[in-house]
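Enquirer: Start from chain Y and add chain B according to the hints.
Residue numbers (our numbering), protein chains in the order written: chain Y, 1 to 402; chain B, 1001 to 1402.
Since the hints were derived computationally from the structure, they do not count as laboratory data.
Check each hint, because a few of them may be wrong.
[To be verified] Restraint-style ranges between C-beta atoms, simulated for each label pair:
{"no.": "1", "chain 1": "Y", "residue 1": "K284", "chain 2": "B", "residue 2": "S1127", "range": "20 to 26 Å"}
{"no.": "2", "chain 1": "Y", "residue 1": "R336", "chain 2": "B", "residue 2": "L1051", "range": "42 to 48 Å"}
{"no.": "3", "chain 1": "Y", "residue 1": "E56", "chain 2": "B", "residue 2": "M1326", "range": "52 to 58 Å"}
{"no.": "4", "chain 1": "Y", "residue 1": "D45", "chain 2": "B", "residue 2": "G1242", "range": "49 to 55 Å"}
{"no.": "5", "chain 1": "B", "residue 1": "N1400", "chain 2": "Y", "residue 2": "E52", "range": "51 to 57 Å"}
[As the list claims (entries may be wrong)] Computed footprint of chain Y on chain B; a stretch qualifies when at least three of its residues, placed anywhere within it, have a C-beta under 8 Å from a C-beta of chain Y:
{"no.": "6", "stretch": "1050-1057"}
{"no.": "7", "stretch": "1061-1072"}
{"no.": "8", "stretch": "1076-1083"}
[Unchecked claim] Which chain Y residues stay away from chain B? Per the calculated CB distances, all over 10 Å, these:
{"no.": "9", "residue": "N188"}
{"no.": "10", "residue": "K191"}
{"no.": "11", "residue": "S230"}
{"no.": "12", "residue": "L293"}
{"no.": "13", "residue": "V319"}
{"no.": "14", "residue": "S325"}
{"no.": "15", "residue": "V354"}
{"no.": "16", "residue": "L357"}
{"no.": "17", "residue": "I372"}
{"no.": "18", "residue": "Q385"}
{"no.": "19", "residue": "D397"}
By construction, the Cβ of each residue, glycine as well, lies at the ideal position given by its N, Cα and C atoms.
2 protein chains.
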Amino acid sequence: MDIIVQKFGGSSVADAKKLGNVAGRVIDAYNEGQSVVVVVSAQGDTTDDLLEKAAEVNPSASKREMDVLLSTGEQISMSLLAMTIEKLGYPVVSLTGWQAGIVTNSKYGKARIKSINVERIIKELDSKRIVIVAGFQGLNKYDDITTLGRGGSDTTAVALAAGLHAKACEIYTDVDGVYTADPRIVKNAKKLNDISYDEMLELASLGANVLQNRSVEMASKYNVKLEVKSSFEKVPGTLIKGVSKVEKMLVRGVTKDDNVVLLSLVNIENTPGKAFKIFSMLAKENINVDVILQSIGRGDTKDITFTIDESNAVTAVKVLNDNLSMLGAQSIECARNISKVSVVGAGMASNPGVASLMFEALYDVGININMISTSEIKISVLIDQKDSEKAVRAIHDKFNLA
Amino acid sequence: MDIIVQKFGGSSVADAKKLGNVAGRVIDAYNEGQSVVVVVSAQGDTTDDLLEKAAEVNPSASKREMDVLLSTGEQISMSLLAMTIEKLGYPVVSLTGWQAGIVTNSKYGKARIKSINVERIIKELDSKRIVIVAGFQGLNKYDDITTLGRGGSDTTAVALAAGLHAKACEIYTDVDGVYTADPRIVKNAKKLNDISYDEMLELASLGANVLQNRSVEMASKYNVKLEVKSSFEKVPGTLIKGVSKVEKMLVRGVTKDDNVVLLSLVNIENTPGKAFKIFSMLAKENINVDVILQSIGRGDTKDITFTIDESNAVTAVKVLNDNLSMLGAQSIECARNISKVSVVGAGMASNPGVASLMFEALYDVGININMISTSEIKISVLIDQKDSEKAVRAIHDKFNLA
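This is chain Y alone, in the form it adopts within the complex (with noise of 0.2 Å):
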């Protein structure tokens, strides 16, 4: 069985015609043989209404009641991509996270998928059913919805790829691929025929908004054949698999990321463990640290910068707030209009020419750098906000990408 796994996101299935167009892309998929399971996200808005809702009613509900809430958005788009199939004569089947054996952990609102048990599935598909999931979701041992957080629905359809030994994952999104920049601010930006999981990596963390983070860590790890690719133009999209071709570019592609909090501990006391009591508190509230920059102690004190991301900051500066003369510290910055820009390319260890290319290009247009980050494939600056979109285009022609 030539099992595949299609992922639609919320605007490609918003409304009754864009459902048409789905069905017809998983249909096709059906008719060439293959057993397909369909992974969906939330109608358009669905989840911004859904959120609404909540806040007019409580504005710090549980998290355990906001799954219970946000769950019936993949539930509604499910069960209206499942009746649009079955009106064009094909049998369909659509299951919640929890009908589809979709084990969590018990973090809600960010749970992480520990199990999936197939044999639902597996079951439908020997029926020859298409098989709809729900996106987002599952169960935890309380036998209590959760969900994985926005975007989450990348990761189920990875989970369930890797799960079903799929021979492919396919993620349909409004984009047609993984380009060389956003589109919208580098006009000549180029599609990446492939990529590897390393540098996809590094650009869904980025801000590339085309895949989430976890679903391309899973992937690798369990080498599952992601592609992305348009919900609306057929078109070939981009592969993300094991190892890239060798190519002569190094730099495989330039993200910029607004959704950046700079948080600064001024004046915290210059005594060892500081930082890792900051970073488990933080860690304690499932707040991923980007960015760090610890100041050289200036006798009794000391300074701690770090990113993190905006739909944290609240949350962040409250625990750091409660805490503040435990740490010693004198006080919290809170900087909003900041930007990471990054490049990314699997050659860049090995070819210390890419970093100061990069700074040439920002200083050729006049941008100031604030603070600097690199890893192995990538090299991130923290600028501005309002320059970020020159700086992508400078770097864009700087290194050549069109």
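Expert: Quick look at chain B alone, frame taken from chain Y:
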């Protein structure tokens, strides 16, 4: 543990303000030291909105997928009510039908509750939590979501009250009890303090719109003390229990039902077994037939006329049309502009004057009677829909119910 089950309908949980009101009711009962289980319907127009979405993609969607879709309505309202109660500082947990252990048969869209595994609810009540349960839904033996059909939340509430051996089941609605007639039609209609299960059953099935038929049957079977109360005003409601107090009043109420369709099979072969065939066909589609009239045979042919609920008309006509020749019938006629008006009361059977008094009331105001049906405790007549309100008022006056 004194358990109380409270059920709130869709209009009672329609928005944030009304949810706040419901939360207040629930917390009052909790603060009195009772273990509170709350059953909710979908908010206001949610079900209609979902039906519209489905109709857009597939007007004849499978009932399985319809149930997947519609069950989200209660999941949304239950989580919002739980959040509202959280905000007020009380421990609460919301449970879907399957989480609450509600097992049904597999008749999608009209499922019947087979059993309730109350383990989870008891565990939550033992932890002093208020438990909110989604009405209207359950799980069948295939682990698929089912719904009980419109008004099924009443049945959920009574079934839970029976399964939990609750001391009472309170049905909160937008009227404050059961009246001798619809107060919107009859200005001086009187609220009943109590009424027997049998009488309520006739009133419910005759369109009193207060309680769903099956919920009263179930309450009678398991001797659940039911009370119909107002969601908005704190006044005593109507108690529904085993035997009503002996009262002089023979007739307890007058009702009308406009959702009645009259079907006639004309010139059907006058041979045995025709009625059996017709009604077993309809039973297979889960369609209840109400008043049945068979004409005296005219040699080779006869007519069979009967009423069904309007919601079943399309299916019934289709089934019968598909089998016209097998039934040996000439045609089907379908009349929609009729109403059923009924008087209900336990003392009726032993008092033949009731029927003639009712017919006299109709004669007084010049209303023609098309069909008549009687039982131990009710008399129903089919009349033109345009006359139905006038008929209710005339009968209410004639029996001095005010």
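Enquirer: Each of the hints needs a verdict: does it hold here or not?
Expert: Right, here's what the structure says about each hint:
| no. | hint | result |
| --- | --- | --- |
| 1 | Y/K284 to B/S1127: 20 to 26 Å | holds, 24 Å |
| 2 | Y/R336 to B/L1051: 42 to 48 Å | holds, 43 Å |
| 3 | Y/E56 to B/M1326: 52 to 58 Å | holds, 56 Å |
| 4 | Y/D45 to B/G1242: 49 to 55 Å | holds, 51 Å |
| 5 | B/N1400 to Y/E52: 51 to 57 Å | holds, 53 Å |
| 6 | 1050-1057 | holds (count 5) |
| 7 | 1061-1072 | holds (count 9) |
| 8 | 1076-1083 | holds (count 6) |
| 9 | N188 | holds, 39 Å |
| 10 | K191 | holds, 32 Å |
| 11 | S230 | holds, 22 Å |
| 12 | L293 | holds, 39 Å |
| 13 | V319 | holds, 21 Å |
| 14 | S325 | holds, 28 Å |
| 15 | V354 | holds, 49 Å |
| 16 | L357 | holds, 52 Å |
| 17 | I372 | holds, 43 Å |
| 18 | Q385 | holds, 34 Å |
| 19 | D397 | holds, 46 Å |
The earlier numbered hints are all upheld by this structure, with none contradicted.
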